[in-house]
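*Asks:* Protein chains in written order, with our numbering: chain A, 1 to 417; chain B, 1001 to 1331; chain C, 2001 to 2188.
Please note: incorrect hints may appear among the correct ones.
Claimed, not checked - Where chain C lies over chain A, by a calculated footprint (3+ residues, C-beta under 8 Å):
{"hint": "1", "stretch": "172-182"}
{"hint": "2", "stretch": "347-356"}
{"hint": "3", "stretch": "373-382"}
Note that these hints are calculated values from the structure, not bench results.
This structure is a prediction, so every number in the text was calculated from the model and none was measured.
Glycine is no exception: its CB is placed at the ideal position from the N, C-alpha and C atoms.
Listed below are the residues making up each chain.
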Amino acid sequence: MREQIEGSRAVAHTVARCRPEVICAYPISPQTHIVEELSRLVKTGELAPCEFVNVESEYAAMSVGIGASATGARTYTATASQGLLYMTEALYNASGLGLPIVMTVANRAIGAPINIWNDHGDSMSQRDSGWIQLYAEDNQEAVDLHVQAFRLAEELSLPVMVCMDGFVLTHAVEPIDVPEAGPVDAFLPPYEPRQVLDPDEPVSIGAMVGPEVFTEVRYLAHARQMRALELIPEVAAEFSAAFGRTAGGLVRPYRCEDAETIVVALGSVLGTIKDVVDELRDAGTRIGVLGVTSFRPFPLEEVRAALGHAARVVVLERALAVGIGGIVAANVRMALSGIHLHGYTVIAGLGGRAITKASLHRLFADAIADELEPLTFLDLDRALVERELHRGRTERRPGPSAENMMRDLGPTATGIG
Amino acid sequence: MPTQPIKFYQTGSFAVGNRLLGPDQRSVQADMQRTNSLNSGHRACQGCGEALGARYALDAAMRATGNQMIAVNATGCLEVFSTPYPETSWQVPWLHSLFGNAPAVASGVAAALKVKGRTDVRVVGQGGDGGTVDIGFACLSGMFERNDDVLFICYDNEAYMNTGVQRSGATPPAARTMTSQAVGDEPGNVFGQGKNVPLIAMAHEIPYVATATVAELRDLEAKVRRAMEFRGARYLHVFVPCPLGWGSAPHDTIKVARLAKESGLFPVFEAEHGEVTAVSPIRRPVPVEEYLRLQARYAHLFADPPRTETIARIQAIADRNIRKFGLVEPS
Amino acid sequence: MYAVRIHGRGGQGVVTAAELLSVAAFGEGRHAQAFPTFGSERTGAPVAAFCRIGDRPIRAREPVTEPDAVLVQDATLLHQVAVFAGLREHGCVLINSTRDAGALGLAGLSARLVTVPATDLAQRHLGRPLPNAALLGGFCALSGQVAIASLCAAIRARFSGRVAEGNAAAATAAYEKVRDGLLEAADA
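The following block holds chain A by itself, in its conformation from the complex:
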């Protein structure tokens, strides 16, 4: 049903329609509204049968999930930022054991310094954990991806992370068509585990594996994600047929066919970028944007096909690989191996800094004029940074950088953006 509803609540209702049997959750901004709503649905009996386990940490959340999934229960949890990191060991364990857990990551920056606002640092840090990673462009897609996620996870026996921008999507109220129970039931068959703890057929799960076969086990994990490259578009197509709208898939090109300049991005910033692309197109600029929906597995072929003909590619990402530069950019570069074009990496929106249309217009103009550095930090306050660098060079004990710069910035009442 189409309603004007907060993203988190829509996700909660959709997850409920997917009939999870065990939900284990630990609160962390900005995921709280999702698990609060799910706990309400379980408590009232609207979502039943379902065990809602209030765990004592995110590590426990994923661990309870592992136990539940291994026992054959459809399992769900949600987290963000520090919480995702706290469960890192368990993330690898879940994917290594092939457990089809679905988890929402309400994308949020990672500290220090502590920051509760949106960027992709958290999920990007876990890109090698073996989880499938899908990024939602808007709240409708966030909702739809969860339905697809359970299906993908259970068919592949791999856990799936649905990434939605914290606050920007989770706390936004917009028109969302929350899938009804009937169509979801038709789309999601009951969970049939590949392996399960059952006294009638005892198995040992979680053995130690030595050098003699570890490589093969890891190869199979990779092979499964390669299989996911085929399955993700299949599931998306099936979803589209069943629900009548586009969601999911590997990549989503927008006005790229004859574009000279193509921007690449993930998540909600795509909406803002599309507005800018339309305005530039109206002015005659041949520009397009490629949204990457599936970051893991990374769709090398599809990205290459979409970008290969462009003269320049601007990868705009909300994450940073300290010491080298862009994360998404590096993956994109791999896709473009052998193809010569101008490639620019733009680090934007870290820690919740707004990515504005005005900034994007300036940025794209510079890109088109090929006046961009290979690596750009969008809207960087150079003066502030220089002052702190100078402090570091000249003072024996300069103090903590973050606090120094905050002080330089002056008292900040609610900034707009």
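Based on the hints, put chains B and C in the right spot on chain A.
*Replies:* Just chains B and C now, kept in the frame of chain A:
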């Protein structure tokens, strides 16, 4: 007709009793129909207290649950020596996840069984002291606080054994480990606060808490059986000597365990909802020295000159336990 | 596309206000998007929320930097936060206050500015000093973007019982007050 009660004593490592009892009163292990949950062929050291304890505990659990049981194991000796890929010694459904999360994983298994209406299937979580007292402590407490339907068994050999004998939160004072070496002014582990997890479990007021040793295996079986009569969080702390880590003779494992109890260093008791309900009395208290001398991890206390003060401090701990728990029957 | 920015303090229902406005617009068959600036939960801290209303799907995710309308739920913010930053020329402003623009030192503002005693109205109709619904009611009259009936429907969907009726009554009272004030000014 006059009758006289005759007490049977266990001496050395020979268990007296099975032969003189009716079949239904014998230990589970004496039964040819036992499930052999932890089957032979595992790679444990000779004299491993943990293997002995786990075998008895899990077969007793299977008996008590009608063979409807799932086991969750923390990383550690028990997990490593029982599942050398591609073989497994486990004949029960068994899951190993991580080092610090066994209680949480067990909670997850219990939640799944509950939602599927399989409340006939019970869950046993198990791990060593490292995985329970230290890295698994938060998860253990969470499981207690939620009163999840799990029996968690800690096999306490008082150090991180599988990684090469390093000190854990359960390592007793003065014990030698690789990270509390027998050198310097205060050789061996320092006299710290300790972490009495059975008492902490009692503080959570969970339905059932008990301690046991591998010297009294019938008692261990009985406690597992008793634990399975309850629903909710239950905790069993089992004292299991490690010949390799402790430097004790493999054939002394049961003897060392008995001396730990008889000296008062390891109180054996049961508790329900935070209150002690039964205590296994010490028939003849032995001085701690008798227990310490059997283990090379305490050898530095008996060097030349002996560390009598340290031994006295350890004796004081034992005496305090005896007093606190009322371990010695008034004659 | 019409953009609204609402300023207030934590605990005054600023976020709910933006949400209600978006639901009201949705109810009229339009596209709407509402979201707050975000921070850890803290009563009394300055908070802003945004609402965009349009006839096509709204894709932009940036904060509203050039609002067509600014609503100020707490007048003490006037000299603390740049509440009028980016305000479009001929945009409209509603301020929760018993005083008029001149008394607030805003006579020179080149916008259609109206003050609404929203807290008083809320106190009277709702029994609590939560000014958000009343200020929204005034907005309906001043901007004409959303019908008062749509706003009241959104209020009744969000709240129930006396809270719903109280909020709807406060909104309607503010709506009438502003509407009548505008008519008077037009006649003058």
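*Asks:* Is the coverage entry for the stretch 373-382 of chain A by chain C consistent with the three-residue Cβ rule at 8 Å?
*Replies:* Violated - the stretch 373-382 of chain A has 0 residues with a Cβ nearer than 8 Å to chain C, which falls short of three.
*Asks:* Taking a Cβ-Cβ distance under 8 Å as contact, does the stretch 172-182 of chain A have three or more residues in contact with chain C?
*Replies:* That given contact holds, which follows from 4 residues of the stretch 172-182 of chain A lying within Cβ reach (below 8 Å) of chain C.
*Asks:* Taking beta carbons only, do three or more residues of the stretch 347-356 of chain A come closer than 8 Å to chain C?
*Replies:* holds (count 4)
Checked against the numbered hints above, the structure breaks only hint 3 and satisfies the rest.
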